[in-house]
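Peer 1: If you read the protein sequences in the order shown, they are chains H, X and B.
So in my numbering, spot 45 of the first sequence is number 45, and the numbers just go up one at a time.
So in my numbering, spot 87 of the second sequence is number 87, and the numbers just go up one at a time.
So in my numbering, spot 57 of the third sequence is number 57, and the numbers just go up one at a time.
Among the hints, erroneous ones may be present.
[Said to hold, decoys possible] Straight-line C-alpha distance at most 20 angstroms; calculated EDC-like pairs for lysine to aspartate or glutamate:
#1 B:2 / H:36
#2 B:2 / X:36
#3 H:2 / B:109
#4 X:2 / H:113
#5 X:6 / H:113
#6 X:131 / X:88
Honestly, the hints are just simulated from the structure, not real lab data.
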Amino acid sequence: MKNFRKTLTLRVPARMGFVNITPQVEEALAESGIREGLCLVNAMHITASVFINDDEPGLHEDYRRWLERLAPFDASPDVYHHNRTGEDNADAHHKRQVMGREVVVAVSEGGLDFGPWEQIFYGEFDGRRNKRVLIKIIGE
Amino acid sequence: MKNFRKTLTLRVPARMGFVNITPQVEEALAESGIREGLCLVNAMHITASVFINDDEPGLHEDYRRWLERLAPFDASPDVYHHNRTGEDNADAHHKRQVMGREVVVAVSEGGLDFGPWEQIFYGEFDGRRNKRVLIKIIGE
Amino acid sequence: MKNFRKTLTLRVPARMGFVNITPQVEEALAESGIREGLCLVNAMHITASVFINDDEPGLHEDYRRWLERLAPFDASPDVYHHNRTGEDNADAHHKRQVMGREVVVAVSEGGLDFGPWEQIFYGEFDGRRNKRVLIKIIGE
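Using the sequences provided together with the hints, build the complete structure.
Peer 2: Here is the structure:
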């Protein structure tokens, strides 16, 4: 069994944003030399997500609005208890749960085994600083 | 390390619906000959989900209503930016994020290592056409 | 390839609650002797979650309130069809979908390959009885 590990560092200039990281994951897979196995891609931070969906800017605008409705930003410690710690990012911990921490992708014949529109995104909900994504691939 | 790959094709006659695919996943596992490992089951389309929950029709009716409240169908491009592309399925891309893209199931002693009520479902949110589910099993 | 399996039993005294199970998962990993691979941790029950986020009590209080807003407890069979089966826990099946069934964690150099604040939680939405969590680790 082979294994491969790599981290990506991302810095999203806004509080919320989505970045297509599929090319970097494909590059990591090529480096690994693994042709059959599983590829885990996860946010290493708890106010960020990794998810798979469509690379369409209108959809990402929809996601931004929808997540803001489901878990609005509010720095007040009266609205979110978490913000009593001095943080203002409680909303980001909620948005990340909706979008998920990680994806596991099949590796088949040396490639990411994807349907026609699947793309891997980093979802940032408390940006403007460096954050890391972990890629771990096992197989042979 | 062994690996096994199979796809299922599903066609749900309605826009939204849930299909128990546990028997097909068990069949794939038997075909694989793998007795210890991990089994990934994922939707290959971005308006569909694979998730684990209860095989109870009342619950599925509840899920339908709940997902419709969280992310209502609306073909209008004024409500969802994604629908400016000519699509009408923006809501489906949201519903899929709530229910998830994939499950990873432990394989132990040649079976799906499940609790008493766990069943694997395909969740369709933009049906009436063929879609695929990927099963990838690694182990030995 | 090595593989390792262990279950944890949890009993949360309230209907809803969150328990940090990171120490138990680390103990299982040490027992396994696996140094490179993937670690699956999943709820074996369909009214519970395993997820990764912050070990901060204020945040957990926020999650409780937020999940109660997204999918309120209501024993009535008129509100949730699932409760026509004689159950009163339909809300718990919804809350679990928001928080997720499972996490897959990379194992690197014999440890859980975590970012600075990642901790694994068991999320209970229909407690006051014993439930199980499955840990399955594969690698070498």
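Peer 1: Checking against the hints above, which ones are violated?
Peer 2: none
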